[in-house]
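Number of protein chains: 2
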Amino acid sequence: MSFPLPGEPVRGSKTGKPIMALFDLLGRTWALGIIWNLQKSSCTFRELQQRCENISPTLLNKRISELKETSIVEKSLHGYCLTHLGNELFNLIEPLGSWSVNWNHSLKEGMDE
Amino acid sequence: MSFPLPGEPVRGSKTGKPIMALFDLLGRTWALGIIWNLQKSSCTFRELQQRCENISPTLLNKRISELKETSIVEKSLHGYCLTHLGNELFNLIEPLGSWSVNWNHSLKEGMDE
DNA sequence: AACAGCGCTACACAATATGTAGCACTAATA
DNA sequence: TATTAGTGCTACATATTGTGTAGCGCTGTT
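Taken in order, these protein sequences are the chains called A and B. Positions 1 to 113 (our numbering) are the ones given, in order, by the first sequence. Positions 1 to 113 (our numbering) are the ones given, in order, by the second sequence.
Do not take every clue at face value.
Identical chains share a label here; the pair holds if one copy fits it or two copies do between them.
To be verified - Here are the computed lysine-lysine pairs in the DSSO-like style, where the Cα-Cα straight-line distance is at most 30 Å:
# : residue 1 : residue 2
1 : K40       : K75
2 : K108      : K62
3 : K40       : K68
4 : K68       : K17
5 : K17       : K108
Source of the hints: derived by calculation from the structure; they are not laboratory data.
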């Protein structure tokens, strides 16, 4: 159960629904962060490590394996990068950036009350 | 560090960037699934547990606490439901549903090659 | 030959998740 | 009033996952 694939039982879910496989995949430490940081440009293992605030190599390697296995990340001549699918996924995730800034403001306002 | 709040260091990230807090929050088992399943309608603790494939109460309670603390989920007269912010977030996440179905097909095609 | 940078792996320790049992409470029913 | 059913949880033992540091084997450069 180490690579969450749609159609198969995944961590926490036995239905095999694609959305559940995706939630399992993205619901692992740094998975979203890696996609986020890879979008800028392709890069080497060690640079990616730095972009991800010095994530441990053990974990980075695990996440990369999972994301390669699921066709979201691939290795090119210039290092790791997002696949076509990965870029599509990034585009869906991107709006979270501005939403999170908004969320931040709302939480701060809430604190004043 | 148990409630990931923007502006503070979170699991895996010390920058306090809102997007990192969000990734920490969503990057925990079943966090995305809970938002997904709550959107349909408000519901009780135990019903939510069932919608989430009998997630353990320990974990459900933890996730609910975090999501309440961060103004994404709240408790109404009719049970737990998404806040206004939570609904906005759901709208951003919703497209992942059809993307994941597509992804599923792509992966299956890849296997045939 | 000596170094530097690369992609990793090993391993011990810490934090998180899972699964089962069951408690304290409320409301309805007998 | 005593029982029953449903509720929102908590406790706890076990299993899985993540962290942090050290360092290996490789490729190129000086």
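Hints and how they fare:
Taking CA atoms no more than 30 Å apart as the test, K40 paired with K75 passes inside one copy only; the shortest distance there is 15 Å, against 39 Å between copies. With identical chains, the CA atoms of K108 and K62 are at most 30 Å apart between copies only, with a shortest distance of 22 Å across copies and 35 Å within one. For a Cα distance limit of 30 Å, the shortest separation of K40 from K68 inside one copy, 18 Å, qualifies, whereas the shortest one across copies, 33 Å, does not. Taking CA atoms no more than 30 Å apart as the test, K68 paired with K17 passes in both settings, with 20 Å inside one copy and 27 Å between copies.
For a Cα distance limit of 30 Å, the shortest separation of K17 from K108 across copies, 14 Å, qualifies, whereas the shortest one inside one copy, 37 Å, does not.
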